[in-house]
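For my numbering, count along the sequence shown from 1 and bump the result up by 1.
No lab work stands behind these hints: they were computed from the structure. Here the structure is a predicted model, which is why all the values come from computation and not from measurement. No residue lacks a Cβ here, since even glycine has one placed at the ideal position from N, Cα and C. Misleading hints may appear alongside valid ones.
[Claimed, not checked] Listed next, with one range per pair, are the computed distances between beta-carbon atoms: (1) 340 / 119: 40 to 46 angstroms; (2) 12 / 624: 58 to 64 angstroms; (3) 704 / 317: 44 to 50 angstroms; (4) 12 / 656: 50 to 56 angstroms; (5) 659 / 684: 18 to 24 angstroms; (6) 624 / 204: 33 to 39 angstroms; (7) 159 / 514: 32 to 38 angstroms; (8) 437 / 704: 51 to 57 angstroms.
[What the hints assert, rightly or not] For lysine to aspartate or glutamate, the following DMTMM-like pairs were computed, each having C-alpha atoms within a straight-line distance of at most 25 angstroms: (9) 39 / 70; (10) 39 / 153; (11) 342 / 301; (12) 662 / 684.
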Amino acid sequence: PSAPRHTNRLAKEKSPYLLQHAHNPVDWYPWGQEAFDKAKKENKLIFLSVGYSTCHWCHVMEEESFKSEEIGEIMNKNFVCVKVDREERPDVDRVYMTFVQATSGGGGWPMSVWLTPDLKPFAGGTYFPPEDGVHRVGFRTVLLRIAEQWKENKEALLENSQKILEALLHLSEVRAQGQESPPPSQEVLDTCFQQLSNSYDEDYGGFSKSPKFPTPVNLNFLFTYWALHRTTPEGARALQMALHTLKMMAHGGIRDHVGQGFHRYSTDQRWHVPHFEKMLYDQGQLAATYSRAFQISGDEFFASVAQDILLYVSRDLSDQEGGFYSAEDADSYPTATSREKREGAFCVWAAEEIRALLPDPVEGAAEGTTLGDVFMHHYGVKETGNVDPMQDPHQELKGKNVLSVRCSPELTAARWGLQPARLSSLLQRGQERLAAARAQRPRPHLDTKMLAAWNGLMISGFAQAGLALAKPDYVSRAAQAAAFLQRHLFDPGSGRLLRSCYRGEDNVVEQSAVPIQGFLQDYAFVIQALFDLYEASLEQSWLEWALQLQHTQDKLFWDPNGFAYFSSEAGDPSLLLRLKDDQDGAEPTANSVAVTNLLRAASYSGNTEWVEKAGQLLSAYSERLRKIPISLPEMARATALFHHTLKQVVICGDPQGEDTKEMLRCVHSVFCPNKVLMVADGDSTAFLSRQLPFLASLERKDGKATAYVCSNFSCSLPVTSARELRGMLCE
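I would like the entire structure built from these sequences, with the hints used as guidance.
Right, dumping it as structure tokens:
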């Protein structure tokens with residue numbers, strides 16, 4: 002390839018998203034002092050563009066506008082142009098997204114915001130087409146109008162931006178009012194259940210018509226609601242809603258039936274046509290949720306979906322050093338000679354391709370039946386393609402098929418006169434052959450940035466699957482990733498986490514020149530991962546690190562006046578607002594996860610101040626939890642754990658002994674959301690024994706592994722049979 006015509010400052014960055022824009026004619030700056038100084042010195046507005054490397058509409062806006070010489074010239078002449086990767090800097094993204102949502106009623110990426118030289122926003126939106134259309138003003142027009150306004154009405158603009166900032170401060174405040182106490186748990190749980198139940202799609206599962214996101218936070222809430230209301234009709238409905246949703250998602254096109262893993266969301270009600278990018282945070286949460294579904298139902302189908310997800314992550318999103326990459330793109334070149342990328346090109350199929358790949362005659366079926374016939378019937382493949390034109394505005398999927406299970410295996414088997422086991426092996430052969438054919442296609446872009454927070458979610462996914470599915474290999478993979486975090490995303494000198502690291506030249510893990518410090522989300526998700534990993538591996542060093550990080554999180558982010566944690570540290574002059582997130586969405590909000598972390602930390606340390614903090618945090622969100630808990634299902638779930646007090650399940654025994662292992666298998670096989678597990682092996686010098694002196698008074702009965710269920714540090718009578726222990730866990 003010829004040398005690029007343009008190179009800007011983004012060429013020195015590590016973020017894959019910023020590097021994608023390093024050769025635009027736009028004179029991009031990364032977020033930082035150099036750009037801010039230039040804006041002040043030249044008295045220019047800042048144009049801030051925020052996105053991420055696997056964002057489809059970010060690619061579209063780059064192709065249409067940021068690669069245009071003419072538009073680039075307008076931008077360079079009138080603005081200081083700044084690019085931000087929202088996954089690297091969620092704090093910057095959140096401040097300006099709060100503004101865009103408040104002023105336009107919507108939000109999303111790419112986000113386009115115009116700021117005064119002192120970083121105050123006054124105009125913004127998301128994607129802009131390059132030229133004016135019937136319904137939308139074009140990007141060129143917006144740029145010229147805003148540049149004109151700055152020339153003509155500078156004072157009014159500055160005054161207006163100050164008013165906007167004050168309104169945003171007021172709008173985004175989350176704090177406890179006076180002596181507010183945590184909201185009553187039962188009321189929050191019942192309201193959240195009712196709100197989810199009212200928005201539930203009885204046919205296809207999920208909690209909206211379209212688009213449909215997996216939102217594991219909703220499903221985890223429903224599992225906990227069921228566990229606390231097992232004998233009521235509401236409890237039964239909660240479980241049915243969660244399991245049905247998980248089944249429909251796993252049958253739909255949102256799941257990659259050839260290459261495993263889940264796409265980001267479905268554009269339709271039936272989970273059929275997805276937006277094809279795959280995000281690490283979805284894989285981590287869904288692996289844990291499908292493992293829980295198996296633990297509760299005993300249905301092997303859910304276990305197989307969890308295993309599929311972990312196979313995908315191990316194969317396609319894993320760094321050789323042990324960390325996990327962030328995402329795979331939706332867009333790719335249909336063939337090696339294509340000039341233009343298309344969404345979903347890597348994943349979709351024409352009917353004739355499948356026929357050509359699967360010509361084998363099927364023994365036992367009617368004469369002339371091929372493997373292709375059976376496969377196409379099962380996955381809803383049509384000769385003319387199975388994508389509704391309404392789901393394909395750019396005609397990128399015309400004549401193509403998104404594989405989606407349309408019949409139960411029993412119905413497909415009956416249709417062709419086959420035994421179910423035979424059908425299963427035929428479908429597997431078909432999947433393997435399609436996977437081999439797909440491996441010849443150009444792969445989508447891989448975002449090899451490694452984020453502490455998302456690695457935390459993935460460690461939890463591997464650890465919880467290892468527990469529920471009794472797969473030690475998964476627990477080892479989780480431990481390998483935790484060791485990676487300790488090596489590459491933790492500064493032992495300061496005790497602080499870093500946000501991100503990168504795969505550099507020769508696959509070496511690199512850090513940026515000025516490392517980005519960890520945000521609240523990084524601490525909350527990593528601490529949760531370490532607790533999950535301790536329960537799966539019983540390795541006490543993970544516990545020790547979790548408690549150390551909890552102290553650091555308290556010091557850096559806690560709001561002693563209004564309670565709860567800020568999303569970012571104090572002391573960054575370029576951040577206009579220190580916010581507290583208030584919505585569990587595709588990922589849970591860090592404060593929601595922090596409540597459960599605090600309760601677990603208290604159980605493992607005996608430090609009751611952490612229980613008090615959990616109560617204060619809940620009181621800061623009290624009004625929202627009472628009125629619209631559906632916006633915080635993970636925090637609503639945590640209110641139950643706060644009010645019910647966590648059970649400390651202590652197994653006294655030799656961790657290698659068969660009797661101890663039997664007790665542990667029993668604990669791992671029961672879904673009990675309000676418990677923490679610990680093993681007391683009699684070593685008085687071990688970390689746990691030093692934290693919890695009461696463990697020394699618990700004895701093995703008749704020399705056998707013995708279980709105690711303790712609450713508030715008073716314990717049940719000892720039991721030595723797994724059956725008795727199961728009964729106590731399910732109470």
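(message) If you test the structure against every hint from before, which numbers come out violated?
(response) Hints 2, 11 not satisfied by this model.
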